[in-house]
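**Student:** Just so you know, the sequences run in chain order D, F, C and G.
The first sequence begins at 1 in our numbering and counts up by one.
The second sequence begins at 276 in our numbering and counts up by one.
The third sequence begins at 711 in our numbering and counts up by one.
The fourth sequence begins at 1379 in our numbering and counts up by one.
None of these hints come from the bench; they were simulated from the model.
One thing to keep in mind: the hints can contain errors.
[What the hints assert, rightly or not] If we take Cβ atoms under 8 Å as the criterion, some of the chain C residues that face chain D in the derived model are:
#1 F960
#2 F968
#3 L1346
[Stated by the list, open to error] Heads up, simulated DSSO-like pairs for lysine-lysine below, C-alpha to C-alpha not over 30 Å straight-line:
#4 F:K670 x C:K884
#5 F:K369 x C:K1271
#6 F:K590 x F:K541
All of these numbers come straight from a predicted model, not from anything done at the bench.
Note that beta-carbon positions come from the ideal geometry of N, C-alpha and C, so glycine has one too.
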Amino acid sequence: MNSHAATIDHHHDATTATGIPNKKLLWWAFLASDCMFFGALISTHLVYRLNPPPGNAVPTQIFNIELTSFSTFILLMSSLLMALAVNAIQRGNVRSTRTMLLGTMFFGCLFLGGQVFEFTHFVYVKKMTLSNSIFGSTFFTLTGTHGTHVAIGVLLLGMMYVRTFKPAQGGGLLLNFVHLLAVCVTFGVAFIWFVPGMIEVVYGASFSELLREHAIPFAAGIVGLIALIALGRTRGAVEFGEKNAIDVEAIGLYWHFVDIVWIIIFTAVYLLEYL
Amino acid sequence: MTRTRPAYRKFFRFAPAFLAGLGLVLLTSCNKVHQVFSLSGPQSTMVTDGPVAARQWDLFMITVYVTTFIFIVVGAVLAYAQIKFRAKSEADEKSEPPHQGHGNPLIEIGLIAASVALLVIIAIPTVRDIWYTHDVPDEEKGNALDVTATGYQWWFQFKYDTEMVKLPAGGETPLVTGNELVVPAGRPIRVQVRTVDVIHSFWVPKLAGKVDMMPNRANFLWFKADRPGYYYGQCAEYCGESHAIMRFRVIALAQPDYDKWLANQKQPARSVTAKSLAAAASVPRVQFASMKLESGAALSGSPEFDANPLAAWHKQQDVEKDEDPALVAKGRQLFSDKTCVSCHSIRGHEGIGVTGPDLTRVGSRSTVAAGVLENTPQLLGEWLRRPNHYKPGNKMWFGGFKVQDTQGEWQPNPKLSELSDAEINALVSYLHSLK
Amino acid sequence: MAEAIAKHAYTGGAHAPVKKATFELFARPTAKTGLVGWLTTVDHKKIGMLYGGFAIFFFLVGGLEALLIRTQLIVPNNHFLEAQTYNELFTMHGTTMIFLAVMPLNAAFFNLLIPLQVGARDVAFPRLNSFSLWVWVVGAILLNVGWLSHFVPAWKFGGAPSVGWFGYAPLTSKAFTPQLSTDLWVFGLQVLGLSSIVASLNFIVTIINMRAPGLTMMRLPVFTWMALVTSFLLILALPAIAIALVEVMFDRNFGTNFFEVSGGGQPILWQHLFWVFGHPEVYILILPPMGYVSEILPTFSRKPLFGYPIIVFSGVAIGFIGFGVWSHHMFTTGLGNVATAAFALATMAIAVPTGVKIFNWIGTLWGGQIMTRVPMMFALGFIWMFMLGGFSGIMHSAAPADAQQQDSYFVIAHFHYVLIGGATFALLAAIHYWFPKFFGRMVPEFWGKLSFWLIFIGFNCTFFPMHFLGLNGMPRRTWTYDSNMGWNEGNLVASCGAYLLGLGIFTYFAVLIWSFFKGKVAGNDPWDGRTMEWSIPSPPPEHNFAAIPTVHARDAWWYEKHHQEEIAQERAEHIQAEESHGGIHMPDQSWYPIIAAFGLLIGTYNMAQLHHPVEMFNKVIFATHLPLAITGLCILVTACYLWSLEGPGGYHLHIAPDGKVTESRGDH
Amino acid sequence: MSAPATTADAGHHEPSKFHFYIQIAMILSVITGVEVVLVYLPIAKWFVVTALCTLSAVKFMFVIFFFMHLRWDKVFCTILFFIGLVLAGGTMWALLHIFGADASKPLSAAMLETAHLAIA
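With the rest of the complex left out, here is chain D (with noise of 0.2 Å):
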């Protein structure tokens, strides 16, 4: 296997006519298809701010910028991850691999976590509603629409991690299964709980508090790290391998592509709106 895999150029497929692998163009037609998507978006919302209807919500008197920027540095470092991710099994190391794409997925859910956080404290806080203001209207809809996008990104990336432990000889769908359930309530947990849930610690909130009202989704998230951990043993030859680097690859297109909407709208959204 490995004196194949020595042989793979990653910047060219010599299976197909331009020499993109096709799952690259794929995704590359994709984003640019996904670019005119968050182009509407982003336009609906600056419509409205640049033409406000009386008494619309002030932004600046909503936002946090402290928080946001610190969201927008995790959803970068996350980006290096991925990078790192790709950059790792394109040199053939699986192990280093799922490291990067838990570290790309924590952070992920870092970032998740942040907005659900943000969202709420608009809502309860604020009392900014997805239909009380169009400028909660179109804020929500666009930020949630990007946070969609940033979720799906990780159940994909849980999906990769999951499958960079298919065993070889085949077999071993349920215990893939499991893995991946295992995954998902992690990480779903994680950024609908508890990054959320320390926010507020920071902010001041009692952590004990935290832990006694919502004790079920933590033994959840608990158990759900033992049984990644446990799972994450390594188990034998596995079938993935540094040809698969294409696939890591398109999804850190993806994931990148999440980010760089995300670098627009910081300061189409949010910065801008301090002048």
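Based on the hints, put chains F, C and G in the right spot on chain D.
**Tutor:** Here is chains F, C and G on its own, set in the frame of chain D:
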């Protein structure tokens, strides 16, 4: 590639000629050739009566000339090629293939240049007319009349922004009418178009092209009627169930006539005095029991009306001859009792509603139900009896709002759907007294 | 060289995993025929035929809707239909014809022809291809399920959608159309968009990456070029309407204010987003037909296409400029003079590349030997009718004049000349032209020509008078009209023409069905064709090409026919080389695409009625449809997960020198 | 073109870009920091807007060309992505301008109110 030549080939060879013949027969056999081909219907965009519509038609004709020219040239070449290079026989089809030429860049560039040149011919007047049709020319601005037209599902409200009327309760407000816009001929009219619900469009083809009534936006158009006349208009943007019958009229009057009309409009609603109470015992004027209307019959426009709608409109302004004050008073009472007042406004009388057309002078309008029915007593009565039949989905059907029955299903308000013939009779008398 | 070609044939390339069994929930289906074979197929030809079959079904449904509309309008003040039913009919006529008839018919031809024209064994992602087909079916079901409530009172959808095919806000808000049918319309279009995007990504990769050796972009058949441009238009245009539909969905279900006037929303934004999609959509409908015609005209003129590069570049130009003219659908909405003028000029500009195509088609005829077979007649009909439609298009670009024509019957006449006279004529030509290739039988000339003339005459009788109805002030989408408007004769003629057109369409398809069973057996190349699909047997074998062809010239098959010895030798070498690499690799069938689509159906159908309680046996089971919607989503995600785990799989075909094909599975 | 690597030694891997990626990420973080600080500085508005847009564009380009490997891939990938990007940008630009035009100003609440009052 061997084929026998089938006999039917001959039939198809003559198909184009047959087609042309058929067309000719169709054209000549029509006994209303003139009427069909002059395209001079009441909403014709071709027979115009104002400078805006005339400009638009002229521009359209420029595009027609240019495209016809292209069609003749290109069509001739195409037809020639089709005939000249047709494989005449089987031997042709099996012979050596023709020269496998790939094209000629010079011809291509020439044709591109020619197309661009032809398009410029259209582009210049287009840009000029975009500005012309957008707003009243500067020299006429001072003479312009400002009107606001507002679309409702499915009728139009017209507001004369500068013509104020005194409210009975004190204060003043711009004059408001429904479905019939009366304007002075020869003066530019600047219409601000609005809507309160969905998108509608203001279109009087003989006077000006349409402009949409966009929610949350104020659009403008302007037009000028060259001469007094009765113009048909219609909503031109799909706006729900009864979009097809959301019609209106523009009546252009000579300035003195307009002034007279305006002065009358500014008065509060006309009240029938009881001076002829003695005549109250006379038989009701309209016998609804004997009225027969086929559902398929053409309702708007009796032959006399169609022949001269403007004259019919003038006639409609006159007060009814044999009014029955008692009946009118009963109708006025019913207008309150049947909750009509909650939607319709009658300035000086009880009405206060704003969701339906203002009825202060409904009797003087030439149509009811937004241009669907001619405003005769019979048809007005029919409209009151079966509003949902004549305008499906309209609010009058369920008295402005629906009520929930025991099953939780929404049903029309029975108050209005249970009008008796006598009640309709009284209501019609009252409404027709409002001149 | 031979090695490169052999590798080329192997779609998975070096990256395809080695086949290992026992990692599947379902046994991998292998049936080639029967219900399972069709439901799980990944063969682009079968998927194309399924697309085609469904599309023709909906084409006939849309036609029936049109005939009902014309029947209602045959006389003034007619009461054949109720206003609401009529509104449902024209909404669904438009939606059906665009999304469920012409687009999938084009998709059918993309599927059938692209791999054959680029010399590939299948599309780049065969299972994804199957997914887009079934997702399309889901969308079709969602859009049409509303009709059921006219027949089954228990299905409370409030009839079919009735908001017009472009569903202008705020008519689509809950206040004006509370019916469920509008929600189903929103979700149906969303799902169809998903299907189109997925399919288009697949075609883009196929065309760009799966070309046979020697097939440079400038040797690509024009149809394939137009398919490429169309696919790009789809992936770039559909996101705009996806966002617009999301916004409407949020407005209806979650109280957002995007188009809610009282909340400060601007319904005109819907129009912009809709037409940012909607105008490229027009080219999505017409560019593939231009491709068919560009294939048919050279064949029956026995001459290469005149000015191939210019035809290609003008197609690309139309695609690009098509994104800059959307507001010409909105000249009457008060855009302001500058915007109106800019969009008017851009619209005129787009007429140039369109005109160029017509010039080049005439150039193709010039000096040829024109054989007027049925496909050629439809193609010539296309040029004439499309030219007329184009002219009325130019008339619309003059914005002030358009203020009179917008939303009148003149517009109806215009776009039916483009979409029937243009797209449909070309599609009918294409069906007739490629029928022998995919069914191995010829359609009789006489009946084909008869149907052509019926359709041609019927079409013109129907739509030519509509120009005059429009000029005489008849607005579109009106369920009735008065007798005093001067529209009676025009409508009568149009309605009679519509029946004739219906008869013509009926004849056309009846003859096709007859030909399928009884038609004369066609050879490989009945029309003396020029592109690669005519080089293989009719109907094409599962693996398309015994050997991946090497392309030497623009009209590849025409070249091969005139250089037979050279090609024969090359072919033999290729077959041998491929066999020495384990034979022809074919992808495995899969259950997961259709299961994923089923999950999508459950998910979207229930999302559409989110806030309604779930009732069964007169009892409320759930307060909302959310649990069912989530169930659907879970089915979708699980299916995708298992799909990714099962891998492309595959088996090998071996072609014996006598042409006999054997199959082998397992490692190679 | 498909010549298999003649240097088929087992160690022939993609050269590691580990440190390179770390450097890029640091640059990106620094730019983000500068952006956040920039909005609070008392500088002319036009300058801040221009600077923010430029910095975001720089970040954007860094990610797509390095993290997303466009720098090392076939140029067609770049073209493909930019088709979408340019069209999306152009559409956005046009929409913002159309909505910014005087003719497109929405009705203010005050105007709406008078419109309704007048009916009564």
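**Student:** Identify whether the interface hint at C:L1346 stands, where standing means a beta carbon of chain D within less than 8 Å of its own.
**Tutor:** Interface hint status for C:L1346: violated (12 Å vs cutoff 8 Å).
**Student:** Double-check C:F960 for me: the hint is only fine if its C-beta lies closer than 8 Å to a C-beta in chain D.
**Tutor:** holds, 6 Å
**Student:** Between F:K670 and C:K884, is the straight-line Cα distance small enough, at 30 Å or below?
**Tutor:** holds, 17 Å
**Student:** Taking only the CA atoms, is the gap from F:K369 to C:K1271 under or equal to 30 Å?
**Tutor:** Within the cut-off at roughly 15 Å; holds.
**Student:** Less than 8 Å between beta-carbons is the criterion; does C:F968 satisfy it with respect to chain D?
**Tutor:** Interface hint status for C:F968: holds (6 Å vs cutoff 8 Å).
**Student:** Can the restraint linking F:K590 and F:K541 be considered satisfied, given a maximum Cα separation of 30 Å?
**Tutor:** holds, 20 Å
Checked against the numbered hints above, the structure breaks only hint 3 and satisfies the rest.
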